[in-house]
Amino acid sequence: MAPVELWIEGATKCLSQESAAQVRKEITEHYEATRESAIANGAAAQDAERAALEALGDARTANKQYCRVMLTESEAKVLRQGDREASFVCSNSWLKWTMLVFPLAGIVVAALMWIKGEHLPALAIIVAGLFFGNLLLAPFLPIYTPSRSRVFRAVKLVAQAVAMVVIFGGALKYFWLMAACFWPIFYSEWQRATIRRKLPVAQWPKQLYL
Amino acid sequence: MNFKGTLPTLILEAVEHHPSHGYRIAQGIKQRSEGVLDFKEGTLYPALHKLENEGCIESYEETENGRARRYYRITKDGRGMLAKDRAEWRQLSRAVTEILGEA
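Keeping their order, the protein sequence lines are chains A and B. For the first sequence, my numbering begins at 273 and goes up steadily by one. For the second sequence, my numbering begins at 2 and goes up steadily by one.
Mixed in with the good hints there might be a few duds.
Taking lysine-lysine and the DSS-like style, the derived pairs with C-alpha atoms no more than 25 Å apart in a straight line are [to be verified]:
hint : chain 1 : residue 1 : chain 2 : residue 2
1    : B       : Lys51     : A       : Lys470
2    : A       : Lys470    : B       : Lys41
3    : B       : Lys41     : A       : Lys285
4    : A       : Lys478    : B       : Lys51
5    : A       : Lys336    : B       : Lys41
6    : A       : Lys336    : B       : Lys31
7    : A       : Lys349    : B       : Lys51
8    : A       : Lys297    : B       : Lys31
A few chain A positions that, by computed beta-carbon distances, are all more than 12 Å from chain B [to be verified]:
hint : residue
9    : Trp279
10   : Gln289
11   : Glu301
12   : Ala315
13   : Pro375
14   : Ala394
15   : Arg420
16   : Val427
17   : Ala435
18   : Ser460
These are computed hints drawn from the structure, not numbers from a lab. We put the CB at the ideal spot given by N, CA and C, even for glycine.
Please model the entire structure based on the sequences and the hints provided.
The following block contains the structure:
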């Protein structure tokens, strides 16, 4: 394997396939330009190759910096899974309508129960609606701009926090248990935040707005 | 010499007046600083991607001497950031000169 290939392999470790392909292209292009320039200035072919490789620096340092600004394999996987879920929901009209009707039906049932005087179950349904409603309705809301996205995410966070406090209000000392249970949600939110930082807004898929 | 954190500003300056590709940006910075500002060229592209993600520059492909090259050009946000960085740098430079005294 050519030294520059080894360098590229080191610099693209953990990056997604698309990111790695982009890095390969730009580094090869840069390497060739440096090499050709050195040859044009009278260097021997081997010396030119060595100088071009030295100019690139340490592959591990470059890899760390690439991982901070380009999608890694695990982040690309999160996006792919999100796309699959979204296309599954949107291509299945029965599921789509169930997701739309479910929170609305919950509100109607909660209202009826409240009128009947069954306040506690009504409150429980409203809290559950708050918690799951924003998750179920989110794909169908017209959220296509970063500002709308920020508002929606703030509302989602507040709704979920309120639901948590209402459900576990009496047992907040077990917060560590709740945090452990909801760790996958926190983790995926954190990953989405990282992906948002790495992709220009024009390239955001719908799931990143939510 | 490598001043940590100044590379994005130097890149914005390099593409301020006309679009350029990675190799030319790197060579331009080194030549204009007469070799004082040296950096490893492998770290140039992560900085370019970061600026692109932040909307400070945008890229497009163009063919030069029969070879496809990715060019970068500054955006409105990038010009704003460059003006802010310039002002901050002048202020910092003035302050340090005041303390150390001019040679």
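Practice item. Against the earlier hints, flag every one the structure doesn't satisfy and list their numbers going up. Key: The structure conflicts with hints 9, 11, although it agrees with all the remaining ones.
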